[in-house]
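*Asks:* Take a look at the letters that make up each chain.
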Amino acid sequence: GIQVEQSPPDLILQEGANSTLRCNFSDSVNNLQWFHQNPWGQLINLFYIPSGTKQNGRLSATTVATERYSLLYISSSQTTDSGVYFCASANAGGTSYGKLTFGQGTILTVHP
Amino acid sequence: NAGVTQTPKFRVLKTGQSMTLLCAQDMNHEYMYWYRQDPGMGLRLIHYSVGEGTTAKGEVPDGYNVSRLKKQNFLLGLESAAPSQTSVYFCASSYTGLTEAFFGQGTRLTVV
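If you read the sequences in order, they're chains A and B. Numbered by my numbering, the letters in the first sequence go through residues 1 to 112 in order. Numbered by my numbering, the letters in the second sequence go through residues 1001 to 1112 in order.
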């Protein structure tokens, strides 16, 4: 199946700073999602982005499917951005069809 | 529109006991998934279903059984709980295997 690697594993920021999180995947994908897991454990959908670029407020994401990576940008970070960010991907190939595979996550801590 | 609802939210079991976790979705999704999340790790797929009456094994299926008798419900069973099954369990659903997946709030299970 697809291997998903995220970097960096940990990230500490001061409020107001910008950051970029990266997700590399081992095969072509038809599904790429970014999630934020808040301190209460809830998984919140950020982006469904198998290709291209999307923006939602201070967050934006870009997936370059041909080069097998996706980036999540957080601008003007706030303490409420703290938590774990996961990317997950799936492809249409054989036994991997529809199996959403998660990376290990990036733990983001934003200090006031 | 409640989305994906998991029952119960918390549970403590003794080794050898059995239990069933219920996942319900009201979005008319075909695909449903059960994941487990252990400390410091991403989510790992236990079992999934591509439609009513179907189930398939994921990455870590041993010790679990599932059923999808109704399209809106996906049940995860532990026949004889073991301490290694202490984890947070997440259910998810999606319209197809390659569309955006939505997650429930999680079930924290402790086996003592």
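The reader is advised that the hints may include incorrect statements.
[Stated by the list, open to error] Covered, in the sense of this in silico footprint (three residues per stretch, anywhere, with C-beta under 8 angstroms from a C-beta of chain B), are these stretches of chain A:
1. 25-33
2. 54-67
3. 73-82
[Unchecked claim] Listed next, the stretches of chain B that the computed footprint assigns to chain A, with coverage defined by at least 3 CB atoms under 8 angstroms from CB atoms of chain A:
4. 1009-1016
5. 1043-1050
6. 1091-1097
If you are wondering where the hints come from, they were derived from the structure by calculation, not from laboratory data. Ideal Cβ placement from N, Cα and C applies to all residues, glycine included.
*Asks:* Please go over all the hints and tell whether each is borne out by the structure.
*Replies:* Tested hints:
1. 25-33: holds (count 3)
2. 54-67: Coverage by chain B is violated here, the residue count being 0 at a Cβ distance below 8 angstroms.
3. 73-82: violated (count 0)
4. 1009-1016: It is violated: at least three residues are needed, and the segment 1009-1016 of chain B offers just 0 whose Cβ sits closer than 8 angstroms to chain A.
5. 1043-1050: holds (count 5)
6. 1091-1097: holds (count 4)
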